[in-house]
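Visitor: So the sequence lines, in the order shown, correspond to chains P and G. The numbering of the first sequence is the numbering used here, which starts it at 1 and goes up by one. The numbering of the second sequence is the numbering used here, which starts it at 1 and goes up by one.
By construction, these hints were calculated from the structure, which means they are not laboratory data. Every residue gets a Cβ at the ideal spot worked out from N, C-alpha and C, and that includes glycine. Possibly wrong hints are sitting among the right ones.
Said to hold, decoys possible - Straight-line distance between alpha carbons at most 25 Å, and here's what the computed DMTMM-like set of lysine to aspartate or glutamate pairs gives:
(1) Lys51/G <-> Asp504/P
(2) Lys60/G <-> Glu528/P
(3) Lys46/G <-> Glu517/P
(4) Lys518/P <-> Glu73/G
(5) Lys51/G <-> Glu528/P
(6) Lys60/G <-> Glu626/P
(7) Lys508/P <-> Glu50/G
(8) Lys529/P <-> Glu73/G
(9) Lys526/P <-> Asp121/G
(10) Lys51/G <-> Glu520/P
(11) Lys68/G <-> Glu517/P
(12) Lys508/P <-> Glu36/G
(13) Lys51/G <-> Asp577/P
(14) Lys60/G <-> Asp504/P
(15) Lys51/G <-> Asp575/P
(16) Lys71/P <-> Glu50/G
(17) Lys526/P <-> Glu73/G
(18) Lys51/G <-> Asp554/P
(19) Lys529/P <-> Glu136/G
(20) Lys60/G <-> Glu515/P
(21) Lys139/P <-> Glu36/G
(22) Lys140/G <-> Glu517/P
(23) Lys68/G <-> Glu528/P
(24) Lys60/G <-> Asp618/P
(25) Lys140/G <-> Glu626/P
(26) Lys160/G <-> Asp554/P
(27) Lys518/P <-> Glu50/G
(28) Lys51/G <-> Glu515/P
(29) Lys51/G <-> Glu292/P
(30) Lys43/P <-> Glu36/G
Stated by the list, open to error - To give an idea of the chain G side of the interface with chain P (calculated C-beta under 8 Å), a few residues:
(31) Phe53
(32) Ile56
(33) Asn57
(34) Lys60
(35) Pro138
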Amino acid sequence: MKKIMLISFAVILSSITFVNCTQSGETANDEEAAKKVYVAPGKYDEFYAFLSGGFNGQVSVYGLPSGRLFKIISVFSQNPETGYGYSEETKPMLMTSYGYIPWDDAHHPELSMTNGVPDGRWLFINANNTCRVARIDLKSFETAEIIEIPNSGGNHGSPFVTENNEYVIASTRFSVPIPEKDVPISSYKENFKGTLTFIKVDPHNGDMSIAFQILVPGLDYDLAHAGKGPSHDWAFFTSYNSEQANSLLEINASKNDKDFVAAVNWKLAEKYLAEGKGKKMQTTYYNNFFDEKTLTAKSNKITSVTILNPKDCPGLIYYLPTPKSPHGVDVDPSGEYIVAGGKLSTVIPVHSFSKMLKAIEKKDFIGDKDGIPILRYESVIAGEVENPGLGPLHTEFDGKGYAYTTAFITSEIVKWKLGTWEVVDRIPTYYSPGHLCIPGGDSKNPWGKYLIALNKITKDRYLPTGPELCQSAQLIDITGDKMKILLDFPTVGEPHYAQAIPADIIMKNNQRIYELEKNENPNATKSEKYARVERKGDEVHVYLTATRSHFKPDNIEGIKVGDKVYFHVTNLEQDWDIPHGFAVKGSNNSELLIMPGETKTILWQPQQEGVYPFYCTDFCSALHQEMQGYVRVSSAKSNTKISFN
Amino acid sequence: MKTISRLLLLFATLMITGLFFFPIWNIDLHAPQYPEGIGLRIWLNKITGEKPFDLININKLNHYIGMKPIVPESIPELKYMPYIVAGIILFGMLVILLKKRQLVFGWIASIVVIAIIGLYDFYMWGYHYGHNLSPEAPIKVPGMTYQPPLIGSKQLLNMKAESLPGIGGILLGLAVLIAIAAIIIDKRELKGN
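My request is simple: use the sequences and hints to build the entire structure.
Guide: So this is what it looks like as structure tokens:
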């Protein structure tokens, strides 16, 4: 008997093992997958992928299909490696109305677009916590601008761009009293409001400015997407908590069968603005801009914003009822279908833009919320995707008539057909995918070759590293009828969302150096003959040049304890890939990494007498180790004069 | 002289004006760290990099072996070469107007002599840069000099230096060949008559 039990136990065990094996059945066979992701030495990847870093406030740049990491771009986080957020030139980038905030939670990278297709000029990304939107310049792969969003509780539903970057749109996750004031939280329904923000983008230099905000009922606004093609003039925002609960939202905001997608006609908003319907409101927010000429950031404090109230602007907003607690809202390449991911819904509702216009025309409303008309669900719905997996969140498109939706709870990606709403394929992911990315998958013209699943959990997929396991992306081939997993690759931070674009679009604009001649930084030292040290009271300014393989000056004397020493380091190189580093012993700030032709300044405040070495931190030449110097620090009372050579 | 020969001479003269628009000589350097290439372009009146910052970068590399920086402003030849070439062009025009075959010989001879002097001068500059190295150079390889080849290629430490005529130089050579052809054609025509 015991024997029989043992045998049956063994059978069960082996069948479990067998099930585990077949779980990866959708993986292309290893050799085939390896061939598809192998990029031979010296060859380039086909796509750049920009993955948000989630809670690390950065963007990481990967190659597809190899999954190789190329660069981490510091956006809302300091980087002691380059000096970003530490150097005098970049500190202003992280200024906000709450002071200097060197961290954030960055979720949604979004490529700039021309005619609804990514153009490779800029990448926008949001900061959730201290509400900001950043613009990264894709010539230099550096953060070029950060604008704060006033009147926002949490900048989650951003930044999504209209077809020609007319606007970058943003919505507040948390409704808050506007303007902020001291009120009981239980007065949520009376006092709390949301805002939808439209940021104008200068078509030439990308300069961002807030054009207007729309004051909306106090719900939680979640995500957004701009329309395209026929729906060009519109933007769509999901919301949850139509219950307007203010405590234990898990239960209290999950009661209503339907919440809303807000449809906003921004062209009409422009008309109302022109008619003077906007009201100026006093507020404070910052716009930080990195000037390419001086290679220095400036913070501008702005004190007012224009608010549009839907009550004064009929036709500006409509609510589309949407089951149930919708998260993502995605517009298909034709601009006709608006897909919402109802995270508690058992179907994926797809709204029709043309039906929406007809329903608006017929005033087919079932009521209103604070004066905003609510359209009839049955009149605007194009179809419902049945059995799409549990917890559908986000949808992207391949440009061939198919949509791909992540199902968080059932840990899979579901492929379905636009128009028939039939599920045609599904593939498990490892595990719990949030967003997904198809290159150009939210644009008018997707490059529908690969799909990246951005997973939240990686248990059993990689070597364990303590309680915190690596974050992960999975590359899936979507060229055939069946999706096939090609590659897992670990990522930096929590890769929340990603955007990808053919490499050649970006490569052709790549910046190799900063022209020294055009460097207008007031502290630039353009030739060794101007290298010098100057004392101004207790400030000492060291105008230092760096070139292969020496600093000028390399010996500095006459600095005293208590001095504020500013090292203004100019890299005299004009050759690609020859940055120089600068580090001084005991610096409690950071080191610097200075690009060819660039000037960066770091503040150093020596606390003790002695002789302090400084050196180049980036291996720059055969004589890199010789690239060094000394700073002599004398007592505060000493009368050592400034000298250098 | 027959019209066809004079037309050929006119063509040759016009080709020489190309020296004002194209480099006469190219020196290209190849090294593992410069997959995109790095090089010098020697013009009638200036020395530039192949790409905007190549001259700066070549000077930076040269400082390791103690070679003097190449400062085009300090090379007097670059100041008077344009006048010499302008003289050749005027001389060519004169030859076409005067229709004397002997003058064609004189014109060709003057170009060849100037070209030889020019090449010798170029060689001497190369010799001067390659041999007069700073005694304080960080990298000193016993017996090593860094004179680029006059024409052809040569390995100089990690750099393979390649020295060849540029478009301007080629045009000048072709102009001489065309002028010779003009003389031959002219002679044949005479014999035929």
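Visitor: Failing hints, ascending?
Guide: Per hint list: 9, 14, 16, 18, 22 and 26 violated.
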